[in-house]
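Novice: Take a look at the letters that make up each chain.
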Amino acid sequence: MAIRSLASRRTLTGLKETSSRLLGLRSIQTFTLPDLPYDYSALEPAISGEIMQIHHQKHHQAYVTNYNNALEQLDQAVNKGDASAVVKLQSAIKFNGGGHVNHSIFWKNLAPVKEGGGEPPKGSLGGAIDTHFGSLEGLVKKMSAEGAALQGSGWVWLGLDKELKKLVVDTTANQDPLVTKGGSLVPLVGIDVWEHAYYLQYKNVRPEYLKNVWKVINWKYASEVYEKECK
Amino acid sequence: MASCVVTTSSFCTVSDSSIRLKSSKLVHLQRRRSLGSRGGLKVEAYYGLKTPPYPLDALEPYMSQRTLEVHWGKHHRGYVDNLNKQLGKDDKLYGYTMEELIKATYNNGNPLPEFNNAAQVYNHDFFWESMQPGGGDMPQKGVLEQIEKDFGSFTNFREKFTNAALTQFGSGWVWLVLKREERRLEVVKTSNAINPLVWDDIVCERVSLIFSCYKVMFPLDHMYFCCCCLQPIISLDVWEHSYYIDYKNERGKYINTFLNHLVSWNAAMSRMARAEAFVNLGEPNIPIA
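Sequence order for the protein chains is A and B. Residue numbers for the first sequence follow the working numbering, beginning at 1 and rising by one. Residue numbers for the second sequence follow the working numbering, beginning at 1 and rising by one.
The hints are simulated quantities; they were obtained by calculation from the structure and are not laboratory data. All values derive from a computational prediction rather than experimental measurement. Some hints here could point you the wrong way.
To be verified - Label pairs and their computed distance ranges (CB to CB):
(1) Gly252(B) with Val78(A): 27 to 37 Å
(2) Glu119(A) with Glu159(B): 43 to 53 Å
(3) Lys211(A) with Lys85(B): 33 to 43 Å
(4) Tyr94(B) with Lys142(A): 52 to 62 Å
(5) Gln29(A) with Asn163(B): 23 to 33 Å
(6) Glu99(B) with Asn69(A): 22 to 32 Å
(7) Asn69(A) with Phe154(B): 25 to 35 Å
(8) Asp57(B) with Ala62(A): 28 to 38 Å
(9) Asp161(A) with Phe154(B): 47 to 57 Å
(10) Lys181(A) with Tyr94(B): 31 to 41 Å
C-beta: ideal position from N, C-alpha, C; glycine also.
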């Protein structure tokens, strides 16, 4: 199993919460790095173990740490009534919070081949994909093209528009979550096209990464989310 | 026999007989496409891939040869090739200098598809020349004086530069620029392909409009306000591709190494000297017949 969060971290968080409660202060919720449900090397050869380890332990962990820091600073600014400090923190919250949200979804969007990674979606999601994009190949082609064309860093998404009741393909810049593109959008599949997601293995050839990542996409999870939102 | 003409607006690097060049100076040169494949290779090149002013292994161990091979040989080369492909499609962006092309394709914030490639070609050219083997350390004399004047101390400048580089969320660049009118240095950060050149026109156009009325009465005034209000002096690439092979996620380590061992204060000195000369003398007064 992937490395779990250290016991000492939990203890420190627990102590902090207890002492805040004793002082009568409202303690803010801190976030922790979620575990991966598979080993770092389980997605090879599509995504190397080295990338998975650094991506999870360094990048995602940094987003979590910085998000917690930003939230704490926000809490202090709110308590002091410092409006300009509150506004100033928004970009750090959006970036790091978004990074945490997006990557938490991403780990669930991936699965080793022997656990169903790459298996086409069945059920209602499969049908919806065929309706909106003609076929799964059509969807894959569209998402890969948009992901390759994205300039700089960002994500490419398959989302469900809850209000219009249709599937959409969209991209977001940097760590903006899909909801920034539309309040009724629910992310089903997100693919990280930041360079850190593929560079060590694919270097500048992002299209090659996008071709191979589909072999480990966990359509079971996407179907579950879709069915839940469609009810 | 190469029909290759080098002008200030474009240059070629391929030595082949069927090269065609666009040139703003040679209006009589017609664009001829060779139908036969005399040399086997038909190339239309508007911009060339400039090599860094040092061998690819010269920045070791601070920036590996492998990084230069991929960053220059694949990324930078890709931008040049893609830009040439785009420019070959039609004559709309005919005969610009690189800096003019960047501003034209930026289109005041609504960038054309060519902008990304053009700007990144410029950005990378500028970046390679912002570094040198045996770089880093402290700047000398004029540059140091200006930095101490505008930042308080060199340490303070380092802190500002480092902080900007660390807080550039996503891909982008960090620049030390000289603001020409105010004659002061500043640290700015830009995202993706944007560079400080694109911020010129908005400021400069308005100012020169005001002064164009006074052009006749006060000819010197209007010369003072012209293009390139923000003159880049040094840049640092903070796209992940520029440090991932050597430093993985540790952008802070990369920034420190750049400041300690790579940044070329010689390049900064010559760029500042050129910028200051322009400020003092203004545009050359070419008489119109």
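Novice: Going back to the hint list, which numbers does this structure go against?
Specialist: 3, 4 and 6
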